[in-house]
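2 protein chains.
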Amino acid sequence: MACRQQITPALRRLARSGTSELSRKSARSCAQSIARAGASNGSRCFSSSQQRRLQQTTPRHGQAKDEFTSTKYPEIKRDDRFSRLTPDHVAYFRDLLGDNGSALIDGVNGAADDDLAPFNSDWMRKYRGHCQLVLKPSTTEEFSKILRYCNEHMLAVVPQGGNTGLVGGSVPVFDEIVLSMSRMSRILDFDEVSGTLVAEAGVILEVADQFLASKGYIFPLDLGAKGSCQLGGNLATNAGGLRLLRYGSLHGTVLGIEAVLPDGTVVDDLSRLRKNNTGYDLKQLFIGAEGTLGVITKVSIQCPQRPAAQNVAFFGLESYEQCQKAFREAKGQLSEILSAFELMDEGSQALVHRVTGNKRPLESTYPFYCLIETSGSNVDHDSEKLQNFLESVMEQGVVADGTLAQDETQLRSLWSWREGITEALGHLGGVYKYDVSIPLPQMYQLVEDTRARVAEAGLLGDSESDPVRAVVGYGHMGDSNLHLNVATRAFDERVEKVLEPFVYEWIAERQGSISAEHGLGLAKKKFIGYSRSPIMVGLMKQIKGLYDPKGIMNPYKYI
Amino acid sequence: MACRQQITPALRRLARSGTSELSRKSARSCAQSIARAGASNGSRCFSSSQQRRLQQTTPRHGQAKDEFTSTKYPEIKRDDRFSRLTPDHVAYFRDLLGDNGSALIDGVNGAADDDLAPFNSDWMRKYRGHCQLVLKPSTTEEFSKILRYCNEHMLAVVPQGGNTGLVGGSVPVFDEIVLSMSRMSRILDFDEVSGTLVAEAGVILEVADQFLASKGYIFPLDLGAKGSCQLGGNLATNAGGLRLLRYGSLHGTVLGIEAVLPDGTVVDDLSRLRKNNTGYDLKQLFIGAEGTLGVITKVSIQCPQRPAAQNVAFFGLESYEQCQKAFREAKGQLSEILSAFELMDEGSQALVHRVTGNKRPLESTYPFYCLIETSGSNVDHDSEKLQNFLESVMEQGVVADGTLAQDETQLRSLWSWREGITEALGHLGGVYKYDVSIPLPQMYQLVEDTRARVAEAGLLGDSESDPVRAVVGYGHMGDSNLHLNVATRAFDERVEKVLEPFVYEWIAERQGSISAEHGLGLAKKKFIGYSRSPIMVGLMKQIKGLYDPKGIMNPYKYI
Numbered sequence: 014m015a016c017r018q019q020i021t022p023a024l025r026r027l028a029r030s031g032t033s034e035l036s037r038k039s040a041r042s043c044a045q046s047i048a049r050a051g052a053s054n055g056s057r058c059f060s061s062s063q064q065r066r067l068q069q070t071t072p073r074h075g076q077a078k079d080e081f082t083s084t085k086y087p088e089i090k091r092d093d094r095f096s097r098l099t100p101d102h103v104a105y106f107r108d109l110l111g112d113n114g115s116a117l118i119d120g121v122n123g124a125a126d127d128d129l130a131p132f133n134s135d136w137m138r139k140y141r142g143h144c145q146l147v148l149k150p151s152t153t154e155e156f157s158k159i160l161r162y163c164n165e166h167m168l169a170v171v172p173q174g175g176n177t178g179l180v181g182g183s184v185p186v187f188d189e190i191v192l193s194m195s196r197m198s199r200i201l202d203f204d205e206v207s208g209t210l211v212a213e214a215g216v217i218l219e220v221a222d223q224f225l226a227s228k229g230y231i232f233p234l235d236l237g238a239k240g241s242c243q244l245g246g247n248l249a250t251n252a253g254g255l256r257l258l259r260y261g262s263l264h265g266t267v268l269g270i271e272a273v274l275p276d277g278t279v280v281d282d283l284s285r286l287r288k289n290n291t292g293y294d295l296k297q298l299f300i301g302a303e304g305t306l307g308v309i310t311k312v313s314i315q316c317p318q319r320p321a322a323q324n325v326a327f328f329g330l331e332s333y334e335q336c337q338k339a340f341r342e343a344k345g346q347l348s349e350i351l352s353a354f355e356l357m358d359e360g361s362q363a364l365v366h367r368v369t370g371n372k373r374p375l376e377s378t379y380p381f382y383c384l385i386e387t388s389g390s391n392v393d394h395d396s397e398k399l400q401n402f403l404e405s406v407m408e409q410g411v412v413a414d415g416t417l418a419q420d421e422t423q424l425r426s427l428w429s430w431r432e433g434i435t436e437a438l439g440h441l442g443g444v445y446k447y448d449v450s451i452p453l454p455q456m457y458q459l460v461e462d463t464r465a466r467v468a469e470a471g472l473l474g475d476s477e478s479d480p481v482r483a484v485v486g487y488g489h490m491g492d493s494n495l496h497l498n499v500a501t502r503a504f505d506e507r508v509e510k511v512l513e514p515f516v517y518e519w520i521a522e523r524q525g526s527i528s529a530e531h532g533l534g535l536a537k538k539k540f541i542g543y544s545r546s547p548i549m550v551g552l553m554k555q556i557k558g559l560y561d562p563k564g565i566m567n568p569y570k571y572i
Numbered sequence: 014m015a016c017r018q019q020i021t022p023a024l025r026r027l028a029r030s031g032t033s034e035l036s037r038k039s040a041r042s043c044a045q046s047i048a049r050a051g052a053s054n055g056s057r058c059f060s061s062s063q064q065r066r067l068q069q070t071t072p073r074h075g076q077a078k079d080e081f082t083s084t085k086y087p088e089i090k091r092d093d094r095f096s097r098l099t100p101d102h103v104a105y106f107r108d109l110l111g112d113n114g115s116a117l118i119d120g121v122n123g124a125a126d127d128d129l130a131p132f133n134s135d136w137m138r139k140y141r142g143h144c145q146l147v148l149k150p151s152t153t154e155e156f157s158k159i160l161r162y163c164n165e166h167m168l169a170v171v172p173q174g175g176n177t178g179l180v181g182g183s184v185p186v187f188d189e190i191v192l193s194m195s196r197m198s199r200i201l202d203f204d205e206v207s208g209t210l211v212a213e214a215g216v217i218l219e220v221a222d223q224f225l226a227s228k229g230y231i232f233p234l235d236l237g238a239k240g241s242c243q244l245g246g247n248l249a250t251n252a253g254g255l256r257l258l259r260y261g262s263l264h265g266t267v268l269g270i271e272a273v274l275p276d277g278t279v280v281d282d283l284s285r286l287r288k289n290n291t292g293y294d295l296k297q298l299f300i301g302a303e304g305t306l307g308v309i310t311k312v313s314i315q316c317p318q319r320p321a322a323q324n325v326a327f328f329g330l331e332s333y334e335q336c337q338k339a340f341r342e343a344k345g346q347l348s349e350i351l352s353a354f355e356l357m358d359e360g361s362q363a364l365v366h367r368v369t370g371n372k373r374p375l376e377s378t379y380p381f382y383c384l385i386e387t388s389g390s391n392v393d394h395d396s397e398k399l400q401n402f403l404e405s406v407m408e409q410g411v412v413a414d415g416t417l418a419q420d421e422t423q424l425r426s427l428w429s430w431r432e433g434i435t436e437a438l439g440h441l442g443g444v445y446k447y448d449v450s451i452p453l454p455q456m457y458q459l460v461e462d463t464r465a466r467v468a469e470a471g472l473l474g475d476s477e478s479d480p481v482r483a484v485v486g487y488g489h490m491g492d493s494n495l496h497l498n499v500a501t502r503a504f505d506e507r508v509e510k511v512l513e514p515f516v517y518e519w520i521a522e523r524q525g526s527i528s529a530e531h532g533l534g535l536a537k538k539k540f541i542g543y544s545r546s547p548i549m550v551g552l553m554k555q556i557k558g559l560y561d562p563k564g565i566m567n568p569y570k571y572i
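In order, the protein sequence lines correspond to chains A and B. Counting from 14, one number per residue, gives the positions in the first sequence under this note's numbering. Counting from 14, one number per residue, gives the positions in the second sequence under this note's numbering.
Just chain A, same shape as in the assembly (with noise of 0.2 Å):
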């Protein structure tokens, strides 16, 4: 964990004294001493991210352990067009595949429920299908067959890369069956000069990134589930993570993909140019669609080099008001090194203290947290800018007191208070999650709003019997992201009456999203509207019905 910098007690000085000439002079020593020592190590990695497994833990939102969506959501019926699995389907799919264990489990003919779970149910526990059939191919021409065999026999599917998303978009509602994305899991190219990579939807984005690193690059894109989640299944849900802020969106950086629609057609878009103008980008159709348009197989994307130096600060601040002042501060003064800010609030912070009970960052509480990371290629150069940047903020009383990562253990430590905010709310009962983007002066906002209308509910306590623990709010402020989470004791029926649709009006006042980067999938399929006009959504049923005319792919998501 990271350890307390000597720059604390001359940051808390200096919010108290003002802006004196002597005060500024203090922190510009101080300053400069603590960016020099915290980047001199040139640290080159970027996460503390954990392996995101299917665990044992309790399930989430409302609902018993384990249940089946189906009962759950009893107003979503099995489609009566799809066909039920025989044994003559499986006997094709396993003539395709080979009969070797690893390509297929095949519940129809006997497969254990438990080899069949994992696939079942999403990493939370709180989505679980009824799906019998579980397909792994290897190449994209067996995707085809597959797909093409399914379409003409009407056999819904789900496909399915690592499983780590927060809206049930990645598992089967009734008995789909699972296209497994895992052994398509080959990085085919890369181009040393350009940084263009090309892999295989299936590969995992820490391995993605790791093979980058070797080569002097680094993955435009990081989160929390790098372990377990694949590329793959970053593009369909258009996954944005830390570092969205520097590098951009996938629909920047993907050059090109492959993907295999529901007739077999293999849509050959895999161009690993920077530039390629001849006709429409059908392959931004298939970043976000979350597999409800084909199955993505291979990706070329264009990775940057990887910084050669990295510095991590974490501040705690008195207000929201002040977290915008610093983010501002942080864009004019850091500008093209600015690769993360991110925004926690102390509940979400107490939380993480109380589940792993490591020593916080910083003696004192405080309101809010802010963690900056800056990227670059020259340590002096980003630790001057870093070291100017913290005696602005410290003269200007905007940051209450700080610290600052001193080598890659510490900035490891500092990011998993961001990083850890997930599966800490995990160990503690369910949570209500809301992914949603807001223009930055109301973002926190709807924290409060939420908090106080739980309170006012009754609902809100630290005692057993409420059902709500905590309403806490963090995110990506650099990209107006913020997550808002409603952590509970047990389910209560009375919570979720009232958050929904109460959130989602409040959002859709202010025209943000329902859903920034987390996407739709099963969790908000009944909320599009907030977040799309009719139009629009009319617009994405054209498409849906363009490409997959038959509803077989992904059916009774969002869309």
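Be aware that one or more of the hints could be misleading.
Copies of the same chain look alike in the list, so a pair counts if it fits in one copy or across any two.
Straight-line Cα separation of at most 20 Å, EDC-like style, residue types lysine to aspartate or glutamate; simulated pairs [stated by the list, open to error]:
hint	residue 1	residue 2
1	Lys554	Asp276
2	Lys228	Glu342
3	Lys344	Asp393
4	Lys338	Asp108
5	Lys338	Asp204
6	Lys90	Glu397
7	Lys228	Asp126
8	Lys538	Asp204
9	Lys372	Glu397
10	Lys344	Asp126
11	Lys446	Glu421
12	Lys554	Asp281
13	Lys338	Glu205
14	Lys344	Glu205
15	Lys539	Glu518
16	Lys149	Glu461
17	Lys344	Asp204
18	Lys538	Asp393
19	Lys228	Glu205
20	Lys538	Asp112
Hints listed in this document are in silico derivations from the structure and should not be mistaken for laboratory results.
Dock chain B against the given chain A, drawing on the hints supplied.
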């Protein structure tokens, strides 16, 4: 124009004397003073672009002056399904838009051909249509009503922005109605915290950038035609330009659009959020569709902060291999501040010199030149990085000679040697222009192979009887984007036969793109198959059929 720097003799000496300790020291000392001098003004000016107007220049690309496109391409026939304009049609539009003279140019009822001419021709006067009616709506609602009427009455239309395209995409072929965006020119909103700009599609790029400059921001796209081209056209053609290397493509920076479909439907996807994962990202289809799906009426785009410091260096190099080495070094050492890496061959620079008569930036001539631009937030840091880079390429003998802009005038002047090529070529006769993307190691080989082929055919020479004056290459090396230009003295059928399909086949064999950033328009209509498979073309036609089933949107073009 740029002044000569003291660096040059030192550079030349170093290039000859190798990398002794002495020469390294000289290089450091010399580069130091120059890098500091060049960067000390912290210039904020980013382009020497000149307004691209409809000029009375010599016609291009093997075509008699002002020849009708329908004459030049006799194989393209007017689609008889389209109605011919009648006074009744015009009366409807006049009633809708008002009769104040600014909203309508009516050749049906007698407007002079001269008034229609600028809308019937592209700026190079390579393409010329027979349009008799120009409409200039000023609201989305007017666009919607016009398109609905046109769709119902089978009237074909061409959306037209700044009309600065290079492939004939924005001018009519037959009697299509021109929908001019010129009255959709309002900047609607700007958020100074997030940097999100919302503007109508007819705003001129330079106007948007100047507005942003006053707010401390920069438009994430810049190109030679910025004085005339419009945001809507930039999006419709997915313009790449000079700083894609730094700010990425419009697929990543555009947050939302409003567009009108042929049936009058308003695609209201004008999100201002950096993250919004609520279904298919349909706006992406309109980016790069060249007006064949609908008319983009409004744009929302993420703008980066305007860099405080900028440097431009101009080098002479002895070979294309050295250019590649310089690029790799620049990527590694200048990293996050590298904002442009442009390549020009001697042929292109000789033409600019001949047309402008300006003193050349370097004393001697070299086979290749590179223009390197850095943009960052800290003048001193950027200068130091550039200085280190200079030392490195000097010590290694990668560059043979160089100069560095010392002030804004010099910076503009150096850029003019890159940005002025198109203009200069235009003054000398017809030009066959190819805007292509090829993997970097092979990129310039296309110019050499083309030159050899033209020479072998006896078409290249200095005599007035030789049809081809020069085969030159230049472009955005940072994006593997080459502009191959074949400058001719006069139309000669043999030239085209020697060039096509040779050039396209050459590119296809290397998995390149036949249009990196200019689009396909009419010019590359026939050649899409060299960069896209029949499956991809088929999928594009599906999309075209979905949005524009009657085919009224920009017909006769690539789809």
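To see whether the hints hold, each was checked on the structure:
1. Lys554 <-> Asp276: both (18 Å within a copy, 17 Å between copies)
2. Lys228 <-> Glu342: between (33 Å within a copy, 15 Å between copies)
3. Lys344 <-> Asp393: both (19 Å within a copy, 18 Å between copies)
4. Lys338 <-> Asp108: neither (62 Å within a copy, 52 Å between copies)
5. Lys338 <-> Asp204: between (41 Å within a copy, 15 Å between copies)
6. Lys90 <-> Glu397: neither (60 Å within a copy, 65 Å between copies)
7. Lys228 <-> Asp126: This pair counts as neither: shortest intra-copy Cα distance 42 Å, inter-copy 61 Å.
8. Lys538 <-> Asp204: Neither: 40 Å inside a copy, 31 Å across copies.
9. Lys372 <-> Glu397: Neither, since 29 Å and 40 Å both go past 20 Å.
10. Lys344 <-> Asp126: neither (51 Å within a copy, 53 Å between copies)
11. Lys446 <-> Glu421: Intra 31 Å, inter 52 Å, cutoff 20 Å: neither.
12. Lys554 <-> Asp281: between (23 Å within a copy, 15 Å between copies)
13. Lys338 <-> Glu205: between (40 Å within a copy, 13 Å between copies)
14. Lys344 <-> Glu205: Intra 30 Å, inter 11 Å, cutoff 20 Å: inter-copy only.
15. Lys539 <-> Glu518: within (13 Å within a copy, 50 Å between copies)
16. Lys149 <-> Glu461: Cα proximity of lysine 149 and glutamate 461: none, with 46 Å in one copy and 48 Å across.
17. Lys344 <-> Asp204: between (32 Å within a copy, 14 Å between copies)
18. Lys538 <-> Asp393: This pair counts as neither: shortest intra-copy Cα distance 49 Å, inter-copy 52 Å.
19. Lys228 <-> Glu205: Close inside one copy (7 Å), not across copies (38 Å); limit 20 Å.
20. Lys538 <-> Asp112: Neither: 37 Å inside a chain and 49 Å across chains, both beyond 20 Å.
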